[in-house]
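First to last, the protein sequences are chains R and Z. Going letter by letter, the first sequence gives residues 20 to 302 in our numbering. Going letter by letter, the second sequence gives residues 20 to 302 in our numbering.
No lab work stands behind these hints, which were simulated from the structure alone. Note that CB positions come from ideal geometry on N, CA and C, so glycine has one too. Worth double-checking, as some hints may not be accurate.
[Stated by the list, open to error] Think about it this way: if two alpha-carbon atoms lie no more than 20 Å apart in a straight line, the pair counts; the simulated EDC-like pairs of lysine to aspartate or glutamate are:
1. Z/Lys233 x R/Glu104
2. R/Lys233 x Z/Glu104
3. R/Lys110 x R/Asp81
4. R/Lys265 x R/Asp81
5. R/Lys233 x Z/Asp244
6. Z/Lys152 x Z/Asp244
7. Z/Lys233 x R/Glu165
[As the list claims (entries may be wrong)] Rough simulated footprint, nothing fancy, chain R against chain Z, three-plus residues with beta-carbon under 8 Å:
8. 72 to 86
9. 201 to 211
10. 240 to 254
In case you want the letters, here they are:
Number of protein chains: 2
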Amino acid sequence: MNCTGKIKVFTPQTITGYGVAKIVDSSNPDFKKGDLIWGLTGWEEYSLIKSTQGLFKIQNADLPLSYYTGILGMPGHTAYIGFYEICSPEKGEYVFVSAASGAVGQLVGQFAKLLGCYVVGSAGSKDKVDLLKNKFGFDDALNYKEERNLDAALKRYFPNGIDIYLENVGGRMLDAVLLNMRVNGRIAVCGMISQYNLEHPDEGTRNLLCLVTKRIRMEGFLVFDYYNLYPKFLEMVVVPLVKQGKITYVEDVAKGLENAPNALVGLFSGCNVGKQVVVVASE
Amino acid sequence: MNCTGKIKVFTPQTITGYGVAKIVDSSNPDFKKGDLIWGLTGWEEYSLIKSTQGLFKIQNADLPLSYYTGILGMPGHTAYIGFYEICSPEKGEYVFVSAASGAVGQLVGQFAKLLGCYVVGSAGSKDKVDLLKNKFGFDDALNYKEERNLDAALKRYFPNGIDIYLENVGGRMLDAVLLNMRVNGRIAVCGMISQYNLEHPDEGTRNLLCLVTKRIRMEGFLVFDYYNLYPKFLEMVVVPLVKQGKITYVEDVAKGLENAPNALVGLFSGCNVGKQVVVVASE
Chain R
20 MNCTGKIKVF TPQTITGYGV AKIVDSSNPD FKKGDLIWGL TGWEEYSLIK STQGLFKIQN
80 ADLPLSYYTG ILGMPGHTAY IGFYEICSPE KGEYVFVSAA SGAVGQLVGQ FAKLLGCYVV
140 GSAGSKDKVD LLKNKFGFDD ALNYKEERNL DAALKRYFPN GIDIYLENVG GRMLDAVLLN
200 MRVNGRIAVC GMISQYNLEH PDEGTRNLLC LVTKRIRMEG FLVFDYYNLY PKFLEMVVVP
260 LVKQGKITYV EDVAKGLENA PNALVGLFSG CNVGKQVVVV ASE
Chain Z
20 MNCTGKIKVF TPQTITGYGV AKIVDSSNPD FKKGDLIWGL TGWEEYSLIK STQGLFKIQN
80 ADLPLSYYTG ILGMPGHTAY IGFYEICSPE KGEYVFVSAA SGAVGQLVGQ FAKLLGCYVV
140 GSAGSKDKVD LLKNKFGFDD ALNYKEERNL DAALKRYFPN GIDIYLENVG GRMLDAVLLN
200 MRVNGRIAVC GMISQYNLEH PDEGTRNLLC LVTKRIRMEG FLVFDYYNLY PKFLEMVVVP
260 LVKQGKITYV EDVAKGLENA PNALVGLFSG CNVGKQVVVV ASE
């Protein structure tokens with residue numbers, strides 16, 4: 020019971036999340052015993068999967084299987100769709116990525132660099148900022164927790180303004196970005212992690228009038244709508260880039276299902292460095 | 020000096036606005052003495068126009084000349100671009116228009132009805148609501164000043180949600196609309212009149228996460244970027260519709276340049292009914 024007197028009742032349910040699994044039994048001829056798959060599974064050692072929608076067979080088992088929860092799976096595909104499909108980027112454009120060391124952000128930044136864009140990322144610790152600059156090849160990176168005035172910070176990093184923003188956080192970062200967007204800018208809204216767990220919504224976004232004055236397109240998307248592009252992304256884009264070493268990928272691995280709750284909670288305060296993975300069982 | 024002790028200094032300048040004028044002298048061979056034009060002119064009896072960018076010769080002088088400040092000019096073109104180009108509307112979609120009795124809004128609503136959409140407008144008085152329903156043919160209309168809970172109001176008018184929103188006001192209306200948008204909705208941001216004159220920005224938009232969950236595209240635009248489509252809009256779309264009586268247009272006419280300041284100020288409290296026009300000189 021919280022202090023306003025409301026009672027919240029939780030019905031225990033298995034938490035779902037993107038996982039990699041091996042099929043131990045199947046009545047579906049397309050998925051045979053021994054096949055490796057990725058898709059929505061349960062936080063449990065054995066899952067009964069009733070729908071094959073959004074379930075993909077793993078063909079390239081020579082790459083680390085955990086990559087299919089990240090760079091080769093939903094987050095990687097999200098980065099690809101958000102950057103290429105939603106933002107229609109061009110060489111030389113100025114790209115800003117928030118939550119840039121996360122599973123989506125680190126890839127967006129690397130895709131943008133490969134295209135010849137100028138890329139700056141924001142993250143919440145010195146370690147992450149170093150990672151962005153030294154491992155992922157971002158042109159620059161900022162620690163948003165050390166910036167009292169995000170608008171002024173963005174003006175330092177982008178004196179010419181921002182063409183493309185990959186929005187992962189929302190809140191005051193979005194407000195500062197709007198002030199620094201260039202004419203005809205694009206904002207792909209992947210998520211707004213700062214807004215997910217607020218008891219009351221925060222102060223709100225105040226600079227939306229910039230959408231008009233700068234003719235900005237701001238578009239939310241969910242990667243489920245782009246499953247038809249997944250095979251192309253996987254085979255033509257990301258697997259070759261990973262195998263050629265042109266893209267780097269960092270995971271933060273927790274071991275054991277019993278450590279999954281702490282790993283989840285840690286995401287909201289930025290404890291993870293790179294994609295948070297939980298190893299439930301090894302082959 | 021305002022109460023915080025700041026001193027504001029204004030340098031007197033001629034206010035500019037969209038006007039209709041007759042050329043009394045010209046050194047440009049494309050614009051001859053006697054030609055009628057519309058475009059950005061001064062709030063004055065005679066203007067010296069140095070740039071012909073955004074200046075259009077009036078060919079259809081058989082329609083009221085004041086219409087070129089509205090339905091046949093910038094606001095009409097704005098309605099056309101915002102609805103057709105930005106929102107890609109389809110027959111049967113649910114369309115909501117704010118500031119719906121204004122120069123842009125009344126046209127968007129009528130374009131949407133002609134296409135076979137379901138259209139509701141919001142305005143700030145009973146007279147305007149009546150105008151929307153009885154003169155412009157909106158399916159329904161609401162007086163936002165009488166609605167304490169805009170979210171609940173929109174749920175009454177759009178039990179199935181909103182596909183397309185023509186945003187002219189911003190603020191709490193936008194927040195309520197976001198909660199009521201349908202998946203794959205489009206928001207064309209024409210303006211945000213509630214935000215123009217705030218000493219401090221208001222409480223901000225809090226429901227932007229809906230952009231992601233509902234895959235909404237929100238796009239600001241300025242009609243200047245679409246001048247290439249103006250001749251098509253004028254000759255193929257709006258002039259035929261006006262001449263055939265398929266589109267109605269309401270103006271609120273103030274007479275005399277000395278009444279222009281009050282007419283302008285009145286816009287921000289919604290005193291005008293329809294497009295506010297000021298007659299400076301008659302032929």
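The hints, checked one at a time:
1. As the CA atoms of Z/Lys233 and R/Glu104 are separated by approximately 17 Å, the hinted pair is consistent with the 20 Å bound.
2. Distance restraint check for R/Lys233 and Z/Glu104: the Cα-Cα separation of roughly 17 Å lies within the 20 Å cut-off, and the hinted pair is therefore satisfied.
3. Our distance criterion of 20 Å between C-alpha atoms is broken by R/Lys110 and R/Asp81, whose separation comes to about 32 Å.
4. A distance of roughly 17 Å separates the Cα atoms of R/Lys265 and R/Asp81; the hinted pair therefore holds under the 20 Å criterion.
5. The straight-line distance between the Cα atoms of R/Lys233 and Z/Asp244 is roughly 11 Å, inside the 20 Å bound, and the hint therefore holds.
6. Straight-line distance between C-alpha atoms of Z/Lys152 and Z/Asp244 comes to about 32 Å, which puts the hinted pair past the 20 Å bound.
7. Our distance criterion of 20 Å between C-alpha atoms is broken by Z/Lys233 and R/Glu165, whose separation comes to about 33 Å.
8. For the segment 72 to 86 of chain Z, the stated coverage by chain R is violated: 0 residues have a C-beta nearer than 8 Å to a C-beta of that chain, whereas at least 3 were required.
9. Counting residues of the segment 201 to 211 of chain Z whose C-beta lies closer than 8 Å to any C-beta of chain R gives 4; at least three are required, and the coverage claim holds.
10. Proximity of the segment 240 to 254 of chain Z to chain R, defined as three or more residues with a beta carbon under 8 Å from a beta carbon of that chain, is established by the 3 residues found.
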